[in-house]
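Engineer: One letter stands for each residue in the lines below.
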Amino acid sequence: MRHAFIDKYAYRDSPVHRLNPALKVAFTLGFILTLLILSGQFHDQAWLPWLYWGCFGFLLIIIFLSGLPPLALTRKVAVILPFILAIILLNLLAGSAPAQAGHLIARSLLSILALVILVSTTRFHEILQVLALWRVPRVIRLTLSFMYRYFFLLIDEAEKMARAFRVRYQGNSNWEKLKLMSVITGILFIRSYERAERVYHAMVMRGYTGE
Amino acid sequence: MHIPDGFLNLTTTVATTGITLGALVPAVRKVNRSLSPKRVPLMGLSAAFVFTAQLLSFPVPGGTSVHLVGAVLISILLGPYTGLIITTTALIMQALLFQHGGLFSLGANILNMGVTGCLLGYGLFRILPGNLSFRAAVPALIMTVLSGVFCALELGFSGTTPFKTGLPAMTIAATITGVVEAIATVSILSLLGKVRPDLLKLEKV
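Protein chains in written order, with the numbering used here: chain B, 1 to 211; chain A, 212 to 416.
Derived from the structure by calculation, the hints contain no laboratory data. Keep in mind it's a predicted model, so treat the numbers as computed, not measured. Hints may contain errors.
Lysine-lysine pairs mimicking DSSO-like chemistry, simulated, CA-CA at most 27 Å apart [as the list claims (entries may be wrong)]:
1. Lys405(A) <-> Lys160(B)
2. Lys8(B) <-> Lys179(B)
3. Lys405(A) <-> Lys177(B)
4. Lys249(A) <-> Lys179(B)
5. Lys179(B) <-> Lys412(A)
6. Lys415(A) <-> Lys405(A)
7. Lys179(B) <-> Lys160(B)
8. Lys249(A) <-> Lys415(A)
9. Lys249(A) <-> Lys412(A)
Which chain B residues stay away from chain A? Per the calculated CB distances, all over 10 Å, these [unchecked claim]:
10. Leu19
11. Ile63
12. Ser145
Every residue, glycine too, gets a C-beta built ideally from N, C-alpha and C.
With the sequences and hints as input, model every part of the structure.
Structural biologist: Rendered as structure tokens:
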């Protein structure tokens with residue numbers, strides 16, 4: 001159950017963790033939007049790189065206050081590196097010098113770092129409360145909360161089936177593997193459906209009427 | 212491909228978010244109108260299923276591996292509007308838990324993978340003649356290719372990647388993914404047809 005620790009950092013305690021979740025979500029959205037607007041409008045200004053460093057310094061202070069491990073955050077931010085490499089490669093292949101490559105890298109790294117800090121200091125149910133506060137439709141919030149509760153179990157089932165298949169399958173045909181992965185996915189849907197029925201009956205037993 | 216934050220300019224962000232909201236608002240309204248108590252856990256578990264399916268690696272005959280989108284599949288099973296909401300929540304979850312995609316690029320990512328796969332894909336599924344496999348395979352392939360094309364166009368208009376290399380590169384990559392998506396969609400539907408045919412006849416909203 002390695003995946004049970006996906007958002008383990010959100011369950012720590014620090015001044016940043018204790019901040020109002022609505023404030024944190026609003027700040028993150030504002031931070032990313034401001035970067036997006038400023039780096040687009042003022043990309044020829046000399047002060048813009050200083051602003052990036054200023055933002056980075058500010059995020060470092062928040063990381064320090066939140067007590068999050070820098071290495072783990074770096075690993076999460078690194079998700080974006082293949083995309084940045086691909087973008088640079090596509091520009092080089094076209095022979096166009098990526099004029100704003102520095103801006104692109106700076107703002108995408110800062111944006112993802114802000115997002116990583118948000119989800120590492122805010123629990124998922126707190127984010128759902130913020131969405132409720134901001135009138136995000138109930139059906140979307142309900143789907144998200146069910147999803148968050150049950151996807152761990154589904155990943156576990158998928159991993160078990162994939163492991164069972166790897167142990168028994170001795171061939172090396174990607175075509176057969178593709179067919180078998182499809183079978184695993186299909187069975188996963190059947191099990192999800194059956195689990196939904198059981199969950200529904202359990203909810204009805206406890207007085208659920210749709211509200 | 213999940214576009215991260217910072218890759219799209221303001222104009223593209225506003226335009227894609229606008230189109231996505233224009234599709235999502237009526238979808239929420241349609242789903243709400245016929246939301247039975249039983250449907251709520253089914254949508255939640257189906258969203259968890261799509262999210263999990265997106266994490267599995269599917270081998271490509273000949274090398275490498277790709278990830279499914281599942282938008283056409285879930286729309287054929289549960290209907291286009293339900294499918295769009297499920298794909299939207301799966302993309303929100305991908306962004307929050309794994310940073311696959313960003314917050315302000317959600318509009319673009321939902322447009323590329325959800326609006327195409329669920330609304331256009333289901334529309335195509337409805338009008339195509341022939342048997343279930345053919346009607347499912349064609350939209351699964353076309354919509355995945357289209358999501359790559361949309362992605363290249365959005366990045367191109369943002370000045371992030373040049374059209375000259377971005378468009379062919381992403382179209383080719385999306386075509387490979389699309390072939391796998393089509394094969395997987397057809398195999399999953401034919402498995403369900405054999406084992407649990409009742410699941411192909413669920414209420415479609």
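Engineer: Now look at each hint and say whether the structure bears it out.
Structural biologist: Tested hints:
{"no.": "1", "hint": "Lys405(A) <-> Lys160(B)", "in the structure": "23 Å, holds"}
{"no.": "2", "hint": "Lys8(B) <-> Lys179(B)", "in the structure": "35 Å, violated"}
{"no.": "3", "hint": "Lys405(A) <-> Lys177(B)", "in the structure": "20 Å, holds"}
{"no.": "4", "hint": "Lys249(A) <-> Lys179(B)", "in the structure": "32 Å, violated"}
{"no.": "5", "hint": "Lys179(B) <-> Lys412(A)", "in the structure": "23 Å, holds"}
{"no.": "6", "hint": "Lys415(A) <-> Lys405(A)", "in the structure": "20 Å, holds"}
{"no.": "7", "hint": "Lys179(B) <-> Lys160(B)", "in the structure": "17 Å, holds"}
{"no.": "8", "hint": "Lys249(A) <-> Lys415(A)", "in the structure": "14 Å, holds"}
{"no.": "9", "hint": "Lys249(A) <-> Lys412(A)", "in the structure": "16 Å, holds"}
{"no.": "10", "hint": "Leu19", "in the structure": "17 Å, holds"}
{"no.": "11", "hint": "Ile63", "in the structure": "16 Å, holds"}
{"no.": "12", "hint": "Ser145", "in the structure": "7 Å, violated"}
Checked against the numbered hints given earlier, this structure breaks hints 2, 4 and 12; the rest are met.
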